[in-house]
Every structure is written in structure tokens, then in C-alpha cells.
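Asker: Sequence:
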Amino acid sequence: MGKRRDRISARQIGALALSAAGVPAFRFCCRIHWLWTLLGASAAALTLSGLTLLLNRCGRTAGGSGRWLGCLAPFLFAGAAAAAWVGSFAFPETAGNALAAFLLFGLSVWAARIGPAAVGRCAGILLWVTGGLYGTVLLFSVPQIHLSWLRPGAGAPIDALRVWAALSAPGAALCLRGALGEDQKLPHWPWWTAALLAVAASAVTSGILSSALAGEPEAFRTLARGVSVLGVMRRFEALVNGAMLMSAFCLCAMLLAGAFEAGKKTFRA
2 MGKRRDRISA RQIGALALSA AGVPAFRFCC RIHWLWTLLG ASAAALTLSG
52 LTLLLNRCGR TAGGSGRWLG CLAPFLFAGA AAAAWVGSFA FPETAGNALA
102 AFLLFGLSVW AARIGPAAVG RCAGILLWVT GGLYGTVLLF SVPQIHLSWL
152 RPGAGAPIDA LRVWAALSAP GAALCLRGAL GEDQKLPHWP WWTAALLAVA
202 ASAVTSGILS SALAGEPEAF RTLARGVSVL GVMRRFEALV NGAMLMSAFC
252 LCAMLLAGAF EAGKKTFRA
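End of the sequence shown = 270 in the numbering used here, gap-free, step of one.
For the record, the hints were derived by calculation from the structure and aren't laboratory data.
As the structure is a prediction and not an experimental result, all values here were calculated from the model.
Among the hints, erroneous ones may be present.
What the hints assert, rightly or not - Per label pair, the in silico range of CB-to-CB distance:
#1 ALA239 / LYS265: 32 to 42 Å
#2 ALA166 / CYS59: 19 to 29 Å
#3 LEU214 / ALA157: 16 to 26 Å
#4 ARG58 / ARG8: 15 to 25 Å
#5 GLY97 / CYS59: 34 to 44 Å
Note that the Cβ used here is the ideal one computed from N, Cα and C, for glycine as well.
I would like the entire structure built from these sequences, with the hints used as guidance.
Answerer: Structure representation (C-alpha cells):
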């Protein structure tokens, strides 16, 4: 029975990866011109989709997988620590606060130690919350876009590489392949959905704030401050802050769950 509870479904892996993608999409990619974001996001989606296809074809017990997964474990732990640090910037009051980062990291460790299925169940709930908050800001920002500010010219090709690296982070969900339920395969849809959200966030932020202001560290928070829903509800930045914290938790917990799975594979190999 314990092993069954540890199994994570393909849908939960998808929810976990997409929830975690909220950090790179709405904190980093939104600050880069939409053209370079489009190129980098497409490259990241192609890369992760190719890896997904390869892992699905190789099966759960590909030879030597324990060794290469073990090599990834230290990097996954380091990435989790970085995600917890980024999560401390979700609210201005805790920006750069080591205690806030430690608490987020500790909560993520606790969730990841319970098992991948527990992290997946959390993400299955949080995805609806974060998706609704991010989606509301994006949707109701569209009428305010200045099309002239979306013209190509800002940024540099290196930005596309940065977007590719940032959106590749949720690919750590692929390390949970061994925890999938029987007869289930890794999903492709999270990578393309994350790429679409990153491009949308970049276009909306640049089109409303201009390329200069969109490059600021808290660009999406600034954008959310000026959004109004039907001319009544305003100042969504507090809700976006909460969504960013939830996304950071999913990213940190996913990286840690991947690291724990890598450790198990190493000891079994």
C-alpha cells in the first residue's frame, strides 16, 4: 500500500511542472522581449518534449539510469535552494530574507520527503489557484497593450538562451519518471503550455510597461498593480505575490523530490 501512495500520476507530474514554471515565466521571462522569449521558450519546449519522448520510449528501468540520475542530485538540491531564495522575493516585505527562504525550503523538504505523490497532489490544487491569478492579470491587461512597444529591436540573442535555461528548470519533473504509476507516460503538454505562458507574459509586460520598464526585477508585480477587472477591482499585486510564492514552493519541492528519487536510484544501482 505504501508503494501505491508513492506513485504519482502523469496528470500530477504535468500540474507540478506547469505550476513550477510560473517562477521562470512570470518573474524572469516577462522581463525579456517577446521575440527572444518566443525563440527561447520554443527551444526549451522542444528540448523537454524530446527528452520526454526519449524517456517514454526507454521505459522506467533504462540501463544505467541510476548512475546518471545520481549525478544530477547535487544540482537538483542546489536548484531547490535557489528556488527557495527566489521565493523569498514573492512579497516585498520578505525580499532577500534568509529566514523566509529557509522556511520555504523546509516546507518543501517536508513535502518531498513524504513522496512524489504528495507533491503532485499539492500541485494539482495549486495549479488552479495560480493559473487563475496569472490568467486574470494577463487577460485583463490585453486592452492596455501599446502595439508600437512590441516592435522587434529590444534585447539580444543571448536573451533567448537565458529563456531556454530558465524554462528548462521545470524539466526536473522528468526525474520523477520512476515514480509514475503503472502504464503511464510522461506528459508533453506542460512544456508547450509553459512556453505559451512565458511568451504571453513577455508580450503583455513589454506592451504595457515599455521595454525599459519591463526589464525591472519586479515588472510583473508592477503590471498587476495597474490591472482593473471591469473597472472595479484593482491592485492585483498582492494576489500575484501569493501566486509567485506557490509557484516557488512547487518548483522547490519538485527539485527536491527529483533529488530524492535520484538518490534512491543511485543506491539501488
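Asker: Now, for every hint given, state plainly whether the structure supports it.
Answerer: Each hint tested on the structure:
1. For the hinted restraint 32 to 42 Å between ALA239 and LYS265, the CB-CB distance of approximately 39 Å keeps it satisfied.
2. Roughly 25 Å separates the CB atoms of ALA166 and CYS59, a value that falls within the hinted 19 to 29 Å.
3. For LEU214 paired with ALA157, a C-beta distance near 18 Å keeps the hint of 16 to 26 Å intact.
4. Range check, ARG58 to ARG8: about 21 Å between beta-carbon atoms, so the 15 to 25 Å window is met.
5. The given range of 34 to 44 Å is respected by GLY97 and CYS59, whose C-beta atoms sit roughly 42 Å from each other.
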